[in-house]
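K.L.:
Respectively, the protein sequence lines represent chains A and B.
Those letters in the first sequence? Residues 1 to 576, by this note's numbering.
Those letters in the second sequence? Residues 1 to 576, by this note's numbering.
A portion of the hints provided could be inaccurate.
The calculated EDC-like cross-link candidates involving lysine to aspartate or glutamate, where the alpha carbons are at most 16 angstroms apart (straight line), are [claimed, not checked]:
1) B/K8 with A/E252
2) B/K255 with B/D271
3) B/K131 with B/D151
4) A/K195 with B/D316
5) B/K4 with A/E185
Rather than coming from a laboratory, the hints here were simulated on the basis of the structure.
There are 2 protein chains.
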Amino acid sequence: MDKKQLKKRIDVAVGRIPADVVIRNAKVVDVCGGKILEGDIAVCDGIIAGVGSYEGKKQYDAAGKYAIPGLIDGHIHIESACVSPEELSRMIVPFGTTTIVADPHEIVNVCGITGLNYMLDAAEKAALDIKYMLPSCVPATPFEHAGAVIDAGAMEQPISDGRILGLGEFMNFPGVVNAFPQDLEKILVACHNGKIIDGHCPGLSGKELNAYASTGIHSDHECTTVEEMESRLSAGMYVIMRQGSACHNLEELLKGVTPYNSRRCLLCSDDRQPKTIFEEGHLDNHLRLCVKNGIDPVTAVQMASLNAAECFGLSDRGAIVPGRRADVVLVDDLESFRVHQVFIGGQEAARDGVYLLPVERQDITPVRGSFHVKDFSPEKLHMHLTSGHVHVIDVMPGGVVTGKGIADIIIDKNGEFVYSPKEDIVKLAVVERHNNTGNVACGFLRGYGLKKGAVAVSIAHDSHNIIVAGTSDEEMAAAVRQVIEQEGGAALIWEGKTIENMPLPIAGIMSDKSGEWVDKKLTDLHLAAFEKMGISREVDPVMTLAFMALPVIPELKLTDMGLFDVTRFEFISVEA
Amino acid sequence: MDKKQLKKRIDVAVGRIPADVVIRNAKVVDVCGGKILEGDIAVCDGIIAGVGSYEGKKQYDAAGKYAIPGLIDGHIHIESACVSPEELSRMIVPFGTTTIVADPHEIVNVCGITGLNYMLDAAEKAALDIKYMLPSCVPATPFEHAGAVIDAGAMEQPISDGRILGLGEFMNFPGVVNAFPQDLEKILVACHNGKIIDGHCPGLSGKELNAYASTGIHSDHECTTVEEMESRLSAGMYVIMRQGSACHNLEELLKGVTPYNSRRCLLCSDDRQPKTIFEEGHLDNHLRLCVKNGIDPVTAVQMASLNAAECFGLSDRGAIVPGRRADVVLVDDLESFRVHQVFIGGQEAARDGVYLLPVERQDITPVRGSFHVKDFSPEKLHMHLTSGHVHVIDVMPGGVVTGKGIADIIIDKNGEFVYSPKEDIVKLAVVERHNNTGNVACGFLRGYGLKKGAVAVSIAHDSHNIIVAGTSDEEMAAAVRQVIEQEGGAALIWEGKTIENMPLPIAGIMSDKSGEWVDKKLTDLHLAAFEKMGISREVDPVMTLAFMALPVIPELKLTDMGLFDVTRFEFISVEA
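In isolation and in its complexed conformation, chain A is listed as follows (with noise of 0.2 angstroms):
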């Protein structure tokens, strides 16, 4: 800001010369005094001059609407809706989200710094105001191989960028409970930074929490109880209320929001797929939920903006009062929260759940082409058995933790797994595709329901290797080797042909097409999963895949690196 722009501000504020833009006659949420009042908000140079009685040069009719500030989802990370952040930006604006805080985990275990200068690059091109977090774990663990290993030296670059708020959601609690080097040196980047750092600790508690707190991490977006929220907020954590599509937290915790404490609560998303934005929306579902469970309007739209922009240091925006962004929407009602129109920086963004503006596209060329997949072939995939009773994952409907059990399985005489229709067991290898490390690793899951075929997906958190389920290794092979030509995404193998299939080709995890092409994508694939390949209804194909890599979720799980007992914490062999 110069002096000039100062003065503009200043004269269109005491209205010596007209607004750029005045929404008028709106009924304004005011989050800082806590009422609603009544008048028109002038805009100058994208900032809000002053609420009162104002004439522009550009005029919009409110009519009597109420007008929210913009809203700010406090934890997402894009690629989990699969798509590209300026279309995310597309997506999620006309449900009225201005700002989200992302931490782009997935696409630096993938890409590393590329990736994250990818997103920050793809962020400027996004009305959507997009602030990121560094990721803090990557790799996730020690027990698989990401596409980078980020250090605590690795992280003083970046960290230093003025677009990065700090290091996102710090999940290897163990390592600061147990004051490991490596984790300490990553906490102390951040503070020597003068940045945030988001927490992740779910079932922490007691003295390892107040550990945990103890470091300066200063969120929680993993609460499930409101034991669990009430215990985070006494240790001066932010609790960021959940509500995405695989995880819905949000209504569980808002029975522990109480006028003394909804300052120290915001809201997320976390993961959100496009067919759960499309079919809900995004935090203005948020709001309808907190509404219909009686948190008063006032204290659901202060955590949806006030308090997350107190909680990330963003100052600039968060309320609809003189001196912050124009980042404005315009809703029918307090209730149903529908959003008719908004404002970014007071330029009109969407109507009635159409985007307005143009939607430029970041090259994707620096995030393409991550696949190194060293000499694979089906021989890859065998096993050498000398037993068939062997360890199993037995997969649980709903959500990503799985079970540790054991099987008799039929094995040939070269010691090779033989599908069996009378059993729910098929083979499942993750496929190292970063550094053509040519590790593959092999193991059995029970309950996916897989009848004939392969699927494999390159989405499999957190480092995003090649996993894939099948019913012979001929088949398995052939869904890799679909998956690596299509530079990533899902391939559905079936009779020996690619009958479905979902191209990612940013990073191997996210489409460059739109949330409505990936999810007519999604169901497609779906459909054929269930129909004809049998895959139990009770599942989702694709996601419950993407979790099978996963070596800190309970109880057992397989890296590129081997079989990993996540309750015992070591790899285990195959045969039991």
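Since the structure of chain A is provided, determine the placement of chain B on it from the hints.
P.N.:
Chain B in isolation, oriented as in the chain A frame:
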């Protein structure tokens, strides 16, 4: 913080090693979670490691007393207590205040950046954590001579100092509303350095208030009515509710505090003299008043701690939670708020009203000798009037506002004032004392009650020239000379002699002695002024004069440049 310290903190929090200090068996007021927890507070290297069940190398038994966070005064002028920063620390820490946000407006108006540096250095000797705002209005107005001129250019260096939070109360609100370049430049200096700006805008409303707030000025401590308070909250400003020695706004403003807006409200004293501190306490008194006026105790404590920390970006304090400074106050209950013990950074600083730490004094040499008065003599007080029909400043008891009156006085053959016992009118003069200008301006004061002798003071807001009132030029001159000789303060001349005086060698406005000494001196001065000199008991003999030279408070004032009509905003002649 280094890795070793962080590891130690974690180890203490988890309970692997004993804490440095533990405050046991406390009822902890949890301002983040909004409730009361029972437990021990573990401290490591001055920082809270956890609240729970802990062992420590040094242990204090809170015996069930309430632990509240160290109190934070959001706006105070140390100079108003007429003592040094270290001494104010000694005086208010026993009442539970552990952080103040101080605006050294007075000393900087006298000594410029030298005064600021003295205050910064002195603060480092105080246990009280003193954060400074850089005075924004030096001189306060163009209608007087101060000891320094600090324009935007001169602000660049000091505002970048980490010990300076931002710009102090921006009193020239007409300058902001009218977009005067020199005021905009100051705002931009703060803005470009990422610093905050405190406000001061009594009476401002509507679009002009919008304009003021639109510049980023983030607070106001001058509210006197709920209406004024609500307008500032709705403009996005924090309201710092004041209870000082002169201004008592808190109880009225508490009527406007709601569960929705309390987070934007904080507490301050602004001006607090030793007598008020010794008799009423400091922020503990504010808390008593809050609860007495129906504010929930947790909300009251939030206003005195967390809210202030948030307002000023002091994320390292304001709550008894892991990772924040171990500034802890033990109080008997949440009604009397009687302070039992005060811990600063985990160190016991006061117990039962007694300050326990050594008091180390900052060298005052750089801010001594601040008197530069050219050729002063009784002749300088001659007025050469052509008529006795003159303007008089009417004293209005109980405030700093004055009236503009007209009176007929007796003049001698040389046109000089002759005191008449029939009229309660004395001569008033302001002697410039910073720049050897030789400026002496004279006028008349009605209603002060002085019947014999002269009173001179070098506390004269905001430029702190010497102001003197008297019944004869000779005694006035003697009083001025006495003040100069003693390097500032106050002096009473009666029957040609100094009957009482209070030297204030620090910039001519603060003592290097104790608060008790200041209090005793003022009491003696007042007694002599009332009993010997006949000054009206309805006024404060010293402070009444101290505000006579402040040309921003209506209606008629006298600066070293002449008689100033504040309403007309221009100098007027003494002869009516």
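K.L.:
Determine for every hint whether it applies to the structure shown.
P.N.:
Hint by hint, here is what the structure shows:
1. Using a Cα cut-off of 16 angstroms, the hinted pair B/K8 and A/E252 is violated, with the two alpha carbons roughly 36 angstroms apart.
2. Between the alpha carbons of B/K255 and B/D271 the distance comes to roughly 22 angstroms, so the proposed pair goes past 16 angstroms and is violated.
3. A distance of roughly 21 angstroms separates the Cα atoms of B/K131 and B/D151; the hinted pair therefore is violated under the 16 angstroms criterion.
4. Distance check on the hinted pair: A/K195 and B/D316 sit about 13 angstroms apart at the alpha-carbon level, within 16 angstroms; holds.
5. Our distance criterion of 16 angstroms between C-alpha atoms is met by B/K4 and A/E185, whose separation comes to about 10 angstroms.
Hint compliance for this structure: hints 1, 2, 3 are not met, and every other hint is.
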